[in-house]
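**Student:** Spelled out, the chains give:
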Amino acid sequence: MEALLANLLTGFTVAVTPTNLALCLTGCLLGTLVGVLPGLGPTATVAMLMPVTFSLEPTGALIMLAGVFYGSQYGGSTTAILVNLPGESSSVVTCLDGHAMARQGRAGAALAIAALASLFAGTVTTAAIALGGPAIASIALLFQSADYVAVIVLGLVAAIVLAHGSVAKAIAMIVLGIFLGLVGTDLTSGEQRYTFGIDALFDGVGFVPVAMGLFGLSEVMLNLEARAASGDLARLRDRLWPTRADVRQAAPATVRGTLLGIALGILPGGGSTIPSFAAYSLEKKLARDPARFGRGAVEGIAAPEAANNAGAQAGFIPMLALGLPPNAIMALMVGAMMIHGIQPGPQIIAKQPELFWGLVASMWIGNLMLVVLNLPMIGLWVRLIELPYRWLFPAIIVFCCIGVYSLKNAASEIVIMAVAGLVGYVLRKLDCEPAPLLLGLILGPMLEENFRRALSVSGGDFSVFVTRPISATLLAFSAVLLAIVLLPAVRRGREQLRE
Amino acid sequence: MMRLLNRDTAAGALFAAIGAGGLWAGRTLNVGSADAMGEGYVPMLMCGLLLMLGAGIFAGGLRRAAAPLPALHWRPVLAVTAAVLAFAAALEPLGVVAAILAAALCAARAVRGVSLVSVLAPAMLLAALVLGIFVWGLGLPLRVFPPWLAG
Amino acid sequence: MKPVIAAAAALACMTPALALAAEAPRGYPLKPVRMIMPNAPGSGTDTLGRIVAHGLGETLGQQVIIDNRPGAGGTLGMEIGRNANPDGYTVIFASPPALTVAPFVQRRQPFDPMKDFEYITTIGVTPNVLVVSPSSGIGSVAELIDMARARKGAINMASAGPGSQSHLAGALLLSLGRFESLHVPFKGGAAVPSVMTGESHWSINPAPSVIGLLKTGKVRAIAQTLPKRTALLPDMPAVAETVPGYSYSAWNGIIAPRATPGPILVRLREAVIAVMNRPDTRSQMAAQATDILVTTPEEFRRMVQETITNNVKLVKALGLTAE
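Residue numbers (my numbering), protein chains in the order written: chain A, 376 to 874; chain B, 32 to 182; chain C, 29 to 351.
Since the hints were derived computationally from the structure, they do not count as laboratory data. By construction, the Cβ of each residue, glycine as well, lies at the ideal position given by its N, Cα and C atoms. One or more of the hints may lead you astray.
Covered stretches of chain A, going by a simulated chain C footprint (3 or more residues, C-beta under 8 angstroms) [said to hold, decoys possible]:
hint, segment
1, 517-524
2, 777-788
3, 823-833
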């Protein structure tokens, strides 16, 4: 404990120098400003702003990059809430209830809840990293392919829970998502699947263009159709802040989301997506009245926002302690460290304590700054979406196009977004929710990869999934969860029949 | 008698059709066996599942009175799609300013009674904003003007 | 319309090239130079490219912007590079996967590595490292081969996917060392972690992605893939000491679209060499376990030709070519 305090003291001494505080603030600010642009998620933002940090000394550079990362993540949530545009996978869930609240004129409250839940999650995760970073990291090394299959199955079951319509349609949407995720070059054989000779499909269907199309463009279409053109999107400005009842509902959800986020975030490939979906599902299951979800439930914002922030931050644990980046953003951070001549891995804690603990401390400071920075900006964001819709929507379309283009600098990505928008419109008209499809799209390739690998290594023996303790436990948990979801649906279905 | 066309039967038919299409389009893929799965194993599994789920949803829609098909308004849908596609087509050969103009003109068709001329000024404002943020601010490698103008 | 533009561009480029035989066009570069990176941001190659681009920007007095164009094994980026205006404002950061493997595993050959580009210089050579899991008890290449022969096929070789450096380097070892392993492909950087969890027994991976992990004690490096020992990885034997003739490492270099004016190529080559001689570049490259190597365009061209010959042989033997 004493050592921990000493370490944190080292960290804060480094982090609160005026230069580093300024860098942290600048990073958060730049990150937020770029992150609110639809389509520019954290990966793109970090890649874009990385050159700015080259001239800084290493600790300052990493502090600034961490700030950019948090800022862009929060900025992404802002866009998700205001205009239903998820710029990255983890803000898909935020769209569900966040945008519903915005439509009810409670965008300010939604933004404030998101910021506060993120701050709480950031605080707890920072403490967790400080307490047990290296020990937590080694958990990731217990997971083999079969165990990843189990984690993914759990994530997919979570997506079924979060749908509020028909369970059969939700499952079909997940399967469709997995199928879309299989398009592209097969990892094992190198064969092309469903690419129809189109170069742009060789690497598969990208998540961001599909998400922006399914949610964002179809939202624009529905809004225009509903004659929202007169600009009645978020009119009620009297409720800028969350009510006491909101806070009471959001608090426990935030705690649960945080814990879930840390647990799932340290797994490679997990990042912040599975945690946010899982946290939402958990809240919906625990809620006395699940029907509120998708219609502006505060827990539906607090829990996934806490989970995705905790998950994202927990991703620093394997990166710093083992040098294993669990996702693309962390890979970029490792790249940035290497450019500064720092080799990530367990030795940096011993060799460069001021860097490690300085970064840990600035993570917390970054989270705090985000809240300080963003609470005053909420009024500004809310006013922005009060512009007449007929002016706003061409701008949304153009920003989406540029954001999606910038991912690979390929116009084909924009075309994929257009198709996804059209498909999203039709599916939403048929009461099929897009969120499960997106989760299937992200997890599908991971599922196939690990499923094939597990069976290839076991020689085709399916029992690997139940003989490995981690995998067996997770699968049993998923089965119970699935049973809980299906039973009421079956019951309800029968009741409907009897009527 | 139930109406044949409702939200469930339509969704079911759509899923089933995608599943069947996937099975057909992937008929040349190598399926393999559990210990050495080919590239077709999981796709066939998923398409089969999609076909079955689709059939189930369709059948359910026939038995129960599901919500009727909603009214589709093609005008905004087509205008928005056209705007995005126009942007994609114009961006690389003509540059981002022309692409924004093209997108804005297409998007204007979404709302009845908006004249094409009236969107020019907002479109130019938007173009200036985009240039400021993306090209000069963030340094995105975007072509700004057509190559024959840029010199 | 396109051929007209191309012809005009070619004319525009030829005129100054004729007028000033040895000097770069006055003031070049007048605007930022784009460096196409056919790899994803954050990848090992991307990191090397960013180091070079940063130094190059300072030397040229104009920013060098990294333009990540990953996709189709690097083919997308290479095609964009080939089709770019050859005015000296587009260069390409070349590495073996995109230039010497990807074009030969696709149904139609998307570009011709030898004809479509001007070679400027290589910047360095990065060895691969053979890692094993400590729990496997393998301590040397000879022990790996013995164990694999004894337990036929029950040994797993992790790779970064079919046709990757990691896969081809491993396949070359299997063929020269005459032993078998089950090929287990992974996506991205997950091959080494799978060795750490003990799911896979061995894997060959680029040195920069591995050296940081060695100190965790969860993965052991038993050899590197340069033809002989290197000062960058002291105490690490070369695979060739056990398997004579084995060599599989990656070069990186700068190339430009064909018909980029000669004087500009000369200017760029001088600038790159100046960057590679800077002490900060040297230490950054050493941190990436990359040996700095600058070559003449002819030497570079010969290296590429040789790599293509070797890789095409491997790719064909593995059945990775499409029809």
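**Student:** Which hints from the list above does the structure break, by number from lowest to highest?
**Tutor:** none
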